[in-house]
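Enquirer: One-letter residues, chain by chain:
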Amino acid sequence: MTVTFLILAALTIIGASAAMGLRNLIHCVLALTLGFVGLAMLYLELGAQFVGFTQILVYVGAVAILSVFAIMMTRSAGPHAEPALSASWIIGLVVAGATFAVLAWAILSSGITAPATEAPDVSVKQIGDALMHSYAVPLEIMGLLLTAALIGAVIIAMPQEKTP
Amino acid sequence: MSAQTVDQIFVLIKAWLMGHVPIAFQPIASAILSVAPVLVVFPLLFAITTVLERKGLGRMQNRYGPNRVGPYGFLQPMADGIKSLTKEDIIPRSADAVVHFLAPLLLVLASFLAYAVLPIGRNMVITDLNAGVLFFFAIGSMVELAVFMAGWSSRSKYSLLGAMRAVAQMISYEIPLVLSAIVVIMATGTLSTVAIVDKQAVYTHGVAHWFLFTPWGFVGFILFMIAATAESNRSPFDLPEGESEIIAGYYIEYSGFKFALFFLGEYLGMFATSGLAITLFLGGWSAPVSFLTWIPSYIWFFLKLLVFIFVFIWVRGTFPRLRMDQLMGLAWKFMLPMTLLNVFDVGIWHLMPHGILRWIVCTAVLILPAMLLSRTLNRKQKLQTRTYRYAD
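So the protein sequences, as listed, match chains U and L.
Residue numbers are given in the working numbering: position 45 of the first sequence equals residue 51, and the series is strictly consecutive.
Residue numbers are given in the working numbering: position 155 of the second sequence equals residue 158, and the series is strictly consecutive.
Calculated directly from the structure, the hints in this document are not laboratory data.
Nothing here was measured: the structure is a model prediction, and the numbers come from that model.
Do not take every clue at face value.
[What the hints assert, rightly or not] From the derived model, a few chain L residues whose C-beta atoms are all more than 12 Å from chain U: (1) 26; (2) 213; (3) 262; (4) 313; (5) 354.
[What the hints assert, rightly or not] Some, not all, of what chain U presents toward chain L, calculated at C-beta under 8 Å: (6) 36; (7) 39; (8) 157; (9) 161.
Even glycine gets a Cβ: it sits at the ideal position worked out from N, Cα and C.
Model the full structure from these sequences, guided by the hints.
Expert: Pasting the structure below:
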């Protein structure tokens, strides 16, 4: 529990809570982006350079932009005047507490302690080798998924055919 | 003083200064001493570039450019700086104050961070990351978020329009940018910028092994520079900030120093992507021919950077602006297929034996599709209102 870990964890949690609690939807997305950056820095603190930078590239550079575009295209007017707590907040609190209890029990009883040896210094070359040899099938499946998304995007933007 | 000492003078100065720092403060002092020169030199280069650009554009348009402040107008940046610092900072009443304030900060932050992995000279890089090129592209993608924040928070139609155009342009051109850098990564097998420059700083028959001198490197370089021009919203891709169409696009509602910060961020981004192009394709700090290696490495880097700045200014003064649909068509219909072909090409180059046949095959694989693709783009287009089949 070093100081850097505490600061980064606080940053992530503040970002995520602000994403839930703020009124203006664009502010929520920006707070969520702060949470993503906090997660990326946690990866970097653990020494996973490739994953940390890919997190920034994908989440901050693509997912956040996608979210703001979606919000911008589908907003009708300004922020609605809603009460801060929804009507069924007691049930929500109970469900959230139950989920937290289950997750905490699962993590605490899993028997993971600090590793005995130092984490290996993984280079990007080793990640590339692993992706191409051991994990080639998951890579191809993700390629299929992305192709499906691309085809879906092209279909939505397809122009009207001239009816004869 | 030997050539070796002049080449490593900044490294030696830093080592001498570090000898005077107590042990407890060594890491922080080392970081500050590495970062401070970048924070001083590149904004100074930005100031010089603004006046060079105005004079250069003026001369290309058969007029003088600024010539009042200082000899031949070269102290104009001082006047511009004083003006932007003393102007009133106007924030529109309906603007989102927090996001409005943070947008230029994020832009300048992202632009400065990108210099952390560029090797300016031999042994002169702020940090030699194992995934250096990936870091550069990750930081570059934060710029788009800053542009969107600027346009959205101003709550003005022109700002929002400019921001949406700018973000669409930047994310479209990010793909050819990264793909054209991937060929270099494939050829060298590493993401570290220092290792990429070291692989290019070897000489056969007196000529360096720059990747620019290979067919795939040359095409990759051209595609990278086109994508870099589009990424920094620079003419002829400056429709988002089109001065004659939507007045200044996403930074209309900014005044005073924040406006200057946007310019600073844009130009710093331009220098950073030029620096990455120099690192990936032009051999970083290495000399092109082996009998010129006595010139210090950082001088070579800045000479190459100045050539790039000149070409940027030249292109700005020469070509008309691209329309939005032409711009997007160029990205998706020309540059994306060309960069994918380039990746294929570098594979062929790697697997074929050395010799003249390799050159002929690789050049043919690139030139013929380029001619066919550009013919497709030059077809007459009927422009009409778009109606969508499934999205109405």
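Enquirer: Could you check the structure against the hints above and give me the numbers of any it violates, in ascending order?
Expert: 8
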